[in-house]
Structure formats: C-alpha cells, structure tokens
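Peer 1: Generate the whole structure from the sequences, applying the supplied hints.
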Amino acid sequence: MRYGSAPRLKRDLTALAIVSAAYLGLSTLVSNSYYQLIMTLVPIWAMFGVSWNILSGYGGQLSFGHASFFGIGAYVVTLSLVYWHLSPWLGIPLGMVAAAAAAILIGLPTFRLKGHYFALSMLAYPLAILYFLQYLGFQEMSLPMHRDNPIEFFQFTNPHTYTFVAVAFLIAGIFVCMLVENSRFGLALLAIRQNELAAEAAGINARLWKMRALVVSGMIAAAAGGFYACVLLVVTPDSVFGMLVSAQAVVVTLFGGVASIWGPVIGAAILVPLAESLNAELGNILPGIQGVVYGVAIIGIMLASPDGLFWTIRDRFFTPKAPAPLPASLAANAPAMRPSAAGTPLLKVEGISRSFGGLRAVSGVSFEVNAGEILGIIGPNGAGKTTLFNLLNGVLASDAGKATLADETMTGKKVHNVCRMGVGRTFQVVRSFPRLPLLDNVIVGAYGAGFADAEAIASAARALERVGLADKAGVAAGQLTNKQLRLMELARALAGSPRLLLLDETLAGLGRDECDDVLDVLVRLRSEGMTVVIIEHTMHAMMRIADRFVVLDHGRVLASGLPRQVVEDRAVIEAYLGKKWAAKQDA
Amino acid sequence: MDLEVLIENVLNALAAGITIGCIYGLMCIGLGLIFGIMRIVNFAQGEFLMLGMFSSLYLVTGGGILAFLGPYIGPFVGALLAGPIVFAGGALVHKLLIARVSGLRTTGSLDEGHFGQLVVTLGISLILQNGGLILFGSTPQTVRTPLASSAIEVGPIYGDATVFLNKARLIACAIAIIVAVALYLLLEYTRMGKALRAAADNPTAATYMGIDTDKTYRFAFALGSGITAVAGGLMAVYLSFGPFVGLDYVIIMYSGVVLGGMGSILGAFWGGLTVGFVQQCSALVLPPQLQNAAIFVVFLMIVLLRPQGLFGRSAERA
Amino acid sequence: MLEVTNLSVSYGGLRALTDVTLSVKEGQFVTVVGPNGAGKSTLFKTISGIVPAASGEITFMGQNLFGLPPARRAHLGIAHVPEGRQVFKTLTVRENLEMGAYPKAGQDAWHHTLDRIHTLFPILAERALQLAGTLSGGEQQMVAIGRGLACAPRLLMLDEPSMGLAPAVADTIFERVSQIHKEDGVTILLVEQRVAEALELSDHGYVLETGRMVLDGPYETLLRDDRVRKSYLGLS
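Chains as they are written, first to last, in the numbering used here: chain B, 1 to 587; chain S, 1001 to 1318; chain Y, 2001 to 2236.
If you're looking for bench data, these hints aren't it; they were derived computationally from the structure. A few of these clues could be false.
Unchecked claim - The following residues of chain B were derived to be distant from chain Y, with all beta-carbon distances above 12 Å: (1) 13; (2) 21; (3) 34; (4) 97; (5) 159; (6) 283; (7) 318; (8) 421; (9) 450; (10) 574.
To be verified - List time: in silico EDC-like cross-link candidates among lysine to aspartate or glutamate, alpha-carbon distance up to 16 Å: (11) Y:2089 - S:1188; (12) Y:2104 - S:1212; (13) B:348 - B:408; (14) B:402 - B:368; (15) Y:2025 - Y:2203.
By construction, the Cβ of each residue, glycine as well, lies at the ideal position given by its N, Cα and C atoms.
Peer 2: Right, here's the structure in full:
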C-alpha cells in the first residue's frame, strides 16, 4: 500500500458505495425497457473504460485496440455456451484467461514500440480478428435461451437484475483499479507514463510492468465483454471487435478523466445515455449519431481540458487541505545504508568509447572514483559528459571499454539493473508527477531498488530528510519550486539506497543562494559516506565541493586531478578560453 | 491446361497489383506528406479517402456539376476535382483543430503532443465516418463508368493465357502516376515545396529563415488530405464504397508509409505500390476477407522488424 | 541598430536572463562571451522570438519586436545562425542556401549574394548538390553562415560557431566572419565560448554570467581584465 492510501481508499470506497446505491435505486424506478438497457450498459462500458484506463491512463500506453479483449471475452462466452453449454459463470473466467493469453501474445512484440506506432499496431489486432471471424463465417450468433435456469445462465427475466449484476461487475473492476492505484503498481505505471527513461533509471523494469498492466487490463475488458454478450444475447464480429468499440473505451475514459478511478464512470454515465438516447430518438434520420457524439465529445475534451472532466472539476472546486507532515518515526525503519570503505576505488571506468556514425562522442575515457568523494566532470559544451553518464547508467551501450562498481561490471546491463546495483541517476530535465505528493514522487526510487512497501516508505522518508524536504512530504509536486524539484530528483535517487550518485547538472538554473542550499546537501551526503559524480557548469559551485575534477573535451579526458591544479592547467584553459588566451597568459 | 490457367491468374494478379498499387501509392503519398512532414498520426486519413470518393460521386452523378462530361471522362475529372474540395476541408480541419494540439506549441511537452493529436484525429475520424453515414446513407456506391467493365486484352501470351487490363483501372493508374509526379516536381523544384521540406526537416531553423511553419504545416496537411482524396476518387471508379470504407484502408495506408520509410514522400509511393501489389497477389491464395488481415500482419512485421522502412531516415522504435 | 533593454527571460522553468542590456550599433562587431549555461543562446532565441521575454524590451532599427512572430523577424533583416548549425540535413547545400534567401530581400539580391557566398566559401559551390547532412562539421557551419548571409541581412547573429569544431577549422570560420564584417559591412553579433578569438575580432564585448551582464567594454579593456578568466574557471 502506498503511504496515505488508507484515508483515500476509505473515501473512495464510501463514495463508491453511495453512488452505487443511488444508481441502483434510480434503476428500480425506471420501467421503460430501453432505458433499463441503457442503465445496464453504462456500468459495462464504464468497466471497459476502467480496463483501458489501467494500461493507457495510468500507464500512458495509448491503445486503440482494446476491443481485442472485449471481443475475446464476448466470443468465448458465446461459443462456450453454444457449443459446450457452458454457463457464463465458467465462460466469463475462461474468457478472462483467454484474454490474458492474448495480452501476453500481443504485448510481447508490440511493447517494443512506443507512442503512435504502439497505438496504431494495437488498432490492427481487433480488426484482424474481425476479418478472420468474418472469413470463418461468424456473422451473427445468438446465445441460446435458457430462461429456465436464469441464475446459471445469466438470463434474468427481470431487467433490473441485469443492472444489479452489471454494477457488481463494475465494482469488481473498480476494486482492482483501486488496488492498482494504491500500490506500487500504480506508481510504477505513472512513472513510466511520465518519463520511461527516468523510471528505468530509478530501477523500474518498464517492460514487465507494462505487460502486467496489459494482462490485468485485458482480463477486465474480457469480463466486461463476456457479460455484454449475456445482456445483448446476440454477438456480431463488428459489435464487439469493431472500431467503435475500441473508440468507446478511449472516449469514455478520456472524457471522464484519465488515470483516475472515477473518470470512466463519469464518462460512461454522461456519454452512454446521451449517445444511446439520441440514437433511439433520432437513429432513423441520423443513423450515425452515436459516433458523432463520441467524436465531438472527445475533440471537445482534448481542446478544453485534456486530462478529462474529473481533474478539471477537482482542480477547480477542491482545494487540497494543507498536508500533514510525516511522522518523524517513519524514517526510523529505513533499510541500512551501505557506505563503502572510504578511500577505496568504488567506480572504475576503463577505456569507455562510443561513436555515433562517424562522430566519436566518447573516446577512451578512463578514471576512478574513490568511495566517499565528490568527482566533478567538467568540460566545454558538447564534450560528451552526458553521453558518458548514459554509458555508465546503461542508457547507451558502449562500443569498447568497461565500467565496474566495486569490481562488479556495470556496462552491458540494462538501466534498471544498473540501478539495482546501487547507482542513482538524475537527469537534466526534472520530471515529476505534479498532482501527487512529494513522497510519492520520491518513493518510486525505493520501489525500483526492490524494497517492500513498508521499507520503501521508510526509505523515501529518510531520503527526504537527507535532502531537507521532510516537511514538504505531503505537498503536491506541482507546487514545488525549482530548487525543491531538483532536491526531489536527488531524493528519488537516494530512496534506492545507492552507493554511487550520478548527478547531471543538478544546479542548472538555480540562483546563488539556491545553489548553496543544494551544495550543502551534497556536502552532507558526502560526510555520510556517499560517493558522487557530478556534471556541472557552474564553476564556482564545483570549486566549492568537488574533491577532484575530470575534464572532458571532444570526448577525451583532457586533464584530471585536484581542482586548483586543473584550472591552472594550460590545456584546460585552452579548451575553455581558446589557444590565444592561453598563449597570452604565458606571455 | 492447368499451367495456362495458373499463368493467366498470376499475370493478371501482377497487372492488377501494379495498377492498383500505383493508386495505393498515391493514397500513401497523401498520408506520407502529413506523417512525414508534420509527424502527425492522422487517424482520419481513411476518412479523407472516403470524402474523396463521395465528392467525386456527387460531382459526377445525378445533378452534379460534371454530369455533362459523361461517364467516360466525368469520373476521372471528378476524382481530380475531389482533391481541391478536400484540400479546403483539410485546411479548415487543421486550422481549427489540429494546429491546437500540434506543431511548435507542443514540441518540448512530454510526448511531443502525440497523445493529443492521436485522440483529436480519432474524434475527427468518428465524426466523419458517422457523419458520412448520416449524409450519404449506407448503401454501397460506385462512380459508374462503362470503362470499368471493359478491358484491353493483351495476349494470348502463353497458350490461351491472356492478360486483361481493366480500362478504368488503367486510366486511374495513369492519372495516379501523373499526380504523383506533379507532386514530386512541386516538392523538389518550387519555393513552396522546398519550404515544406525545410519545415519538415527542422522547424526551428525554418522559422529562423522566415518560414511561417504554422502556415506551411497547414498547407502540408491540406495537400496530404487532397492527394489522398484524389486517390479515393480514382478508386471510386472500380470499388463499391460506403462511409466506413476508410477503416479498411487506414491500415493499408500506414503499412505503405511505414514500409516506404517515414519522412520519405517518394518512399510512401513505393510502399503503397508494394502493399497493393502484395494484396492483389495474395488474392491468388487467400479468400477476400483474409486479404486485409494479411496486410495487417505485414504491417505488424514491418514495424517490428524494420521500422525505418525501405527508405526511411530514422527509427522511431523503443 | 539593435537595442536590448533590461531583458529578463524564463526558459524551461528557469530564470535564464535577468536584466540584460546590450546595444549593437550599425556596422559594429559585438561579441557576447560567457561560460556554459550563462544564457547566451537564450538571448539569441529571445531576439529571434522563439522564446518569449518576461520583461524588458528589444528594438531593432527602432521597431519594438514585442509580439512580432518569429517567422517575421527574418524578413526584417535579422539573420540567426543557430547553435549547432541546424542545417536542413535532407536538403542539398544549394537548397539550404535557397531557404536562407526566403525573405524578399534575400530573393531580390539572390544572384549577388550567391556569388559572394561562393567566394567566401568555395567548397559550397563544389558541394552544391550534396545533402547537407553528409557534410563535415566545419562545412555545415559554412552552410549555416551562408544561409544567414543569403537573406541579405542587416544584422547577422552567430551562436557559438566554433562549437564542436577542431581548432583549425574554427579559426577559418572566424576569419571568414571577420571578412564578412570588414568587406561587406555587415553588422555582427557573435556569441562564443572561445573568448580570445571572439573578442579579438570585435569592437565591443559583453560578458554574461548566470543570466546577468557582469562586464562590458572594448576589446582591449576586456582582454586585460582577469575577471573574465575567473568567471570561466569559477574562481570568482
């Protein structure tokens, strides 16, 4: 469980209970059978939206093909009923299993893609299945009547019962979503959505989490689809695998609010009745009115409030309470830090090189960093400093050479595995989850290092203490200042209990005083035994805290040694100020 | 006897593949312009194809303006005129909707604005498809021309094996090639074309040169829509279509553009040609419903195995 | 010609420039030097309109640039040779230069400027039909400068032309820039990390450090001032 989940869960569960009771109460008053059907469909589409939300809302992997899973659920239930007389009690779980298998099959190749390629490819799957089914001759299938055994076969005489069951399904789906949202699963997904690279650098195995999200998402979608078949009693390939079905998941969730439990519910509650009623009233003259409504809704919401109604309403009308400070005892249970013996070499870089096309970005770079020291990497623009970090961290593969951390090889490992070895990294551009509290932003680092929930919270709390932000733990990251955001990045790296910190331009854009504050934190960390390698341009800052410098120019090590020596070094002066200046100095 | 039939089938499939492939090539150029220049994934490109078909239909049949041209010339002029009509529509769509979720406004934002573009164009696609259903009805239509039922006979080539070149498709193919060449000349040799390519290559530098990237993108979007619409008008001559025809072709278009390599307009033509070719040849072995499924499989294989396509510049893969 | 008054700019959430004032008179060669992260590129981006100013004023030839869209500024005669060259990689050398001549002033003077560019950088004539992306760093820099000249500019702004270039190549580039200034009388605003070369060519220099102008004056004064070195090497 995440820190602070308990009150949020309680609030959401209470709200869920109230809303469900109200909805069900309302449904008993409705007698018109068409409107009764709509009241049943709303929770089904909401549940489908919830499933989509898990992968695409929280996880940010936009999928335009969720109909694959919905349709699989529907067809498994239908086919198993028709051919095996299997009750939907078994058919729906069977459909969920089939969907999980499909998710793995689909995910394995498709997650190698990102962004628009991913969305497009996801579109291809349900359409391909649709064509295949049409080829096989499945035009329209009716579910056989079993009115004698309503409960066994989900065929109730009283239409209200369908609504109750639909709401029950939705509640189950929301439950799963709540579990996801309030656990490290949810935070990992949000981190991946926000900045997959930074998430990996914090130790999150993005591929694995995305796959898990797809499987969970697919299973919920299949359950929705399976029940949908029971409600409509007729399935055609187009009605469950078609474009409009995939679109409905997207529209309903985007409209209502991505990455929130209530989004799909709000979206479905508004759009489904709207579209269906318009279809009923005007369907004769305006046969495509449903699609038009969805299209307009989705364009409107993207232009007006891209995150969805829920967030717009919440931001406008609900000012968050002042957050309670973290109890001081929280950090006490943090896992022990692992300082290495001071003075011994911790990081050894030997002959690392990397070229891009013909350009040698990093060429034969070698240096050592001793435990407990701060090493400054400096050099003119374009010298290859960030590329060097990317090579150490696993973001890029090196062409030659290697790097070891306490004699264990770093190079060649994937990013999240390098993090697990004990390497923390910050990036030039800070990305946070603006709506989440600072603690949640930081704790991702602890999850990445493999800590269990309670340990992770403690570790994050301690990390915040170490950077001096403990009192801001509950503040939403969107309200933090620049300096605080930089410290947040640092805390996130610290939360994983690293042995080595790679800091990339942590001081960029900070004023003099803010700089000093951050520098104080770094000095304090060093006194606790942390080893730091830092890239910086702010020279006066580096002079203050670096124990040694390594100067890079055009991808090579130009000089290294004590700061005073390095800045007097002629080669260095030449690199920064030019040959003529250095010559003039000699004269 | 069987060998002759086989050869005849193969040769006819090849012929059909090339003629239809060229038309697909033109269709893909339209998308390639948009995808390649603006990096916008336009979900609604299939609907621009559809609008091209219907524009041509209404221009040519019944009380349409071009009815006087008769069924031999009319359909083809209609196809060409569909271009400017959809061009105007595309410009409007870009100005009102697309520009607000793309371009310089979103560079630097988290996902370079892809999310917004994808979703907005999905919305446009829904509106156009279903709006089309309302306006045009669901009865399948064709732009009728007697040329569609007559063919030039080439042969006999081997025994009795004859290649039948459908006249309507042949003319459509020729027009497609002419339009593609004209576009190529526009892009290579005119000031506007070069500005387009510059804006695609490096929008910031283009702005430094004084090129108004917003207007340039609008032109590219409108041009891309119009070109795909012309292809649609040409296809209308031998296909029967309804408001949802776009869906069938959107994956084909993307397959062609990705195969040709994103960013290469010429590549898009070759990609489209290849995809059309594969589709027609697959008719030799696959039943009709599976042909499109086969294209999807091809699409997936391309993005997974060689996302930069045949002529592409950069791989945009994980 | 160019007056920047009390300019303050925030970029990427950071305060990039604070209260910067500089002036470039017609026919002058002005250089802005400063260590990395000082805000030099941001200054150019703001003059070009890509980055909005938070406060302060920029006037060019008496016209206030506030609110003028970036694409219009080139048409006024401001040529920006960007940091990292930013050539159009998929266009040929000749097409790159043609794009430089996009504004009307450039089009009118095209033949004359093309000759001039080929005289200054003969290799561009040789490689006219080659794709700019395949050229070496130094050659790309020449393309970028040629592009800047192609619009027959009143003000030529060069952002770190020596970056990433081997010293000998950078020297050639500086020579050419000096030639352009002396022989064609083009007003030049140069931003550079390589202090000595840059200052030597210029009439007036400004030193930018963490977003503020800390020093300015004619070349000789600055060269004698040890504060410049200290600022670069963090000894202040």
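Peer 1: Against each hint, give a clear statement of whether it holds in the structure.
Peer 2: Each hint, compared with the structure:
1. The Cβ of residue 13 of chain B lies farther than 12 Å from every Cβ of chain Y, with a closest approach of about 38 Å, so its non-interface assignment holds.
2. Every Cβ of chain Y is farther than 12 Å from the Cβ of residue 21 of chain B; the closest lies at roughly 46 Å, confirming the non-interface assignment.
3. Even its closest Cβ contact with chain Y, about 53 Å, leaves residue 34 of chain B beyond 12 Å, as expected for a residue assigned away from the interface.
4. Remark: the non-interface label on residue 97 of chain B is consistent with the geometry, its nearest Cβ contact in chain Y lying 48 Å away (cut-off 12 Å).
5. Distance check on residue 159 of chain B: its Cβ is at least 55 Å (rounded) from any Cβ of chain Y, clearing the 12 Å threshold; non-interface status holds.
6. Even its closest Cβ contact with chain Y, about 47 Å, leaves residue 283 of chain B beyond 12 Å, as expected for a residue assigned away from the interface.
7. With a least CB separation of 26 Å from chain Y, residue 318 of chain B remains clear of the 12 Å interface cut-off, as annotated.
8. Every C-beta of chain Y lies more than 12 Å from that of residue 421 of chain B, the closest at about 31 Å, which supports listing it as non-interface.
9. Non-interface call for residue 450 of chain B relative to chain Y: holds, since the shortest CB-CB distance, roughly 32 Å, exceeds 12 Å.
10. Here residue 574 of chain B does not stay apart from chain Y, with its beta-carbon only about 8 Å from theirs, under the 12 Å limit.
11. Only pairs whose Cα atoms come within 16 Å are accepted, and residue 2089 of chain Y paired with residue 1188 of chain S is accepted, the gap being roughly 15 Å.
12. Distance restraint check for residue 2104 of chain Y and residue 1212 of chain S: the Cα-Cα separation of roughly 14 Å lies within the 16 Å cut-off, and the hinted pair is therefore satisfied.
13. With a C-alpha separation of about 10 Å, the suggested pairing of residue 348 of chain B with residue 408 of chain B holds against the 16 Å cut-off.
14. Between the alpha carbons of residue 402 of chain B and residue 368 of chain B the distance comes to roughly 12 Å, so the proposed pair stays at or under 16 Å and holds.
15. Restraint check for residue 2025 of chain Y and residue 2203 of chain Y: satisfied, since their Cα atoms lie roughly 10 Å apart, inside the 16 Å limit.
Going through the hint list in order, the structure does not satisfy hint 10, though it satisfies all others.
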